[in-house]
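Read off the chains here:
There are 2 protein chains.
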Amino acid sequence: MTTSDAPPRDPWDLPDVSGLVVGVLGGTGDQGRGLAYRLARAGQQVILGSRAAGRAEEAAAALGHGVRGLDNAACARASDVVIVAVPWEGHAATLRELREDLDGKLVVDCVNPLGFDRKGAHPLVPEEGSAAEQAAALLPGSRVTAAFHHLSAVLLQDPAVEKIDTDVMVLGERRADCEIVQALAGRVPGMRGVYAGRLRNAHQVEALVANLISVNRRYKAHAGIRLTDL
Amino acid sequence: MTTSDAPPRDPWDLPDVSGLVVGVLGGTGDQGRGLAYRLARAGQQVILGSRAAGRAEEAAAALGHGVRGLDNAACARASDVVIVAVPWEGHAATLRELREDLDGKLVVDCVNPLGFDRKGAHPLVPEEGSAAEQAAALLPGSRVTAAFHHLSAVLLQDPAVEKIDTDVMVLGERRADCEIVQALAGRVPGMRGVYAGRLRNAHQVEALVANLISVNRRYKAHAGIRLTDL
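Chains A and B supply the protein sequences, listed in that same order. Quick note: the first sequence, position 3, residue 3 per the working numbering, numbers continuous. Quick note: the second sequence, position 109, residue 109 per the working numbering, numbers continuous.
Isolated chain A (complex conformation) (with noise of 0.2 Å):
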């Protein structure tokens, strides 16, 4: 975008937003909940995305804020940027049915793959290298990256909490696309999104929520990330 002789560019001066429409494909589940709430009491325009459309409505009728419920497809084409939030389990067929309709857009992968056994969470790890790498060989018309991994989906649904503090780690190919998802993290009291990678490095992001967990365990917390020094 820039060339060598331009002057460098402030990395904290992001794009207005405001006016995009944002769907979150599994939108019934606790993290794509969570994040359609904040996003929508933050003045965002959201439409959660489900199997069932009349899930996805009384879904959304619950959170308020003007947020509709529509089945994935139509959520994903009536959309400017969909953020995917479906279980893992669930994440490659469900994208491969949906490639059409998110054709030009900007995905947002947070989708986390994790094992479970006695001895706590692990990563798995995707034939592609990541859940996001997946998505972008799923999706070759559309613009993927990934974010919103390290939110506690308690925190981002309880009314009572005012501020999420934490910083969003976006990663992508194309600044223009991650500028715009740093700048919807950003809308969020307390969270800024920052930009971390391209999307070869997007496993350890995904996979620190495994440790993430171990932490909240210990600690009986709801553990977030803040990257110091910026």
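Honestly, the hints are just simulated from the structure, not real lab data. Yeah, the Cβ is synthetic: ideal placement off N, Cα and C, and Gly gets one too. One or more hints might be untrue.
Claimed, not checked - FRET-style restraints, in silico, Cβ to Cβ:
hint : chain 1 : residue 1 : chain 2 : residue 2 : range
1    : B       : A153      : A       : D165      : 21 to 29 Å
2    : B       : E127      : A       : K119      : 15 to 23 Å
3    : A       : E89       : B       : A176      : 36 to 44 Å
4    : A       : W12       : B       : E97       : 42 to 50 Å
5    : B       : A78       : A       : P189      : 46 to 54 Å
6    : B       : V125      : A       : R55       : 38 to 46 Å
7    : B       : P159      : A       : G66       : 49 to 57 Å
8    : A       : R174      : B       : G104      : 48 to 56 Å
9    : A       : E162      : B       : E173      : 37 to 45 Å
With chain A fixed as given, assemble chain B onto it according to the hints.
Chain B only, in chain A's frame:
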């Protein structure tokens, strides 16, 4: 350590580690020197280890604060806690050589296996899963933990920096060992040592340095990590 009938222990109640001798293998590198400096400045007895005793002695003298220098094997034998801060390329060979010297020691691996190309940094995946798990496999007689991955060597080494504004994620299999490392981290002003899971969850903690490199480049920063809500 505790039975299920015992009251839950305060996770911030950590042992007194002020009398422990800390060795730093690869102590003449930027990361090792920085860690040695911070721990010694906080009052810890520190020994720098290097292949050549002479180089270790020189680097130790430059750090002051009573830091001593020895060759790696002597450093390991003279220390209670041994931080492994060698380059990833020499990690396996160095540990294989020092197996007997490290017997019974509390080993703290802080190595980040990374590759670099024109697109920046990306994680390498050791056959054992992580540098820390490689250390555990090569050192069956040692108590292996992982920590100190996300610290800026620039900030660590700068005497004008009073506080290191970051948490240290500590991983390991035994709570007592992790707590010693957490307590060590906590001696440095600004740092907290936070338990963050078992060694099988070390890879993503090591790999996250690739993301911090992207952050540092975009924001002209020396980024660290804080865990929120604890």
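Evaluation of the provided hints:
no.	hint	verdict
1	B/A153 / A/D165: 21 to 29 Å	28 Å, holds
2	B/E127 / A/K119: 15 to 23 Å	21 Å, holds
3	A/E89 / B/A176: 36 to 44 Å	37 Å, holds
4	A/W12 / B/E97: 42 to 50 Å	48 Å, holds
5	B/A78 / A/P189: 46 to 54 Å	52 Å, holds
6	B/V125 / A/R55: 38 to 46 Å	39 Å, holds
7	B/P159 / A/G66: 49 to 57 Å	55 Å, holds
8	A/R174 / B/G104: 48 to 56 Å	52 Å, holds
9	A/E162 / B/E173: 37 to 45 Å	39 Å, holds
Comparing the model with each earlier hint shows no violations; every hint is respected.
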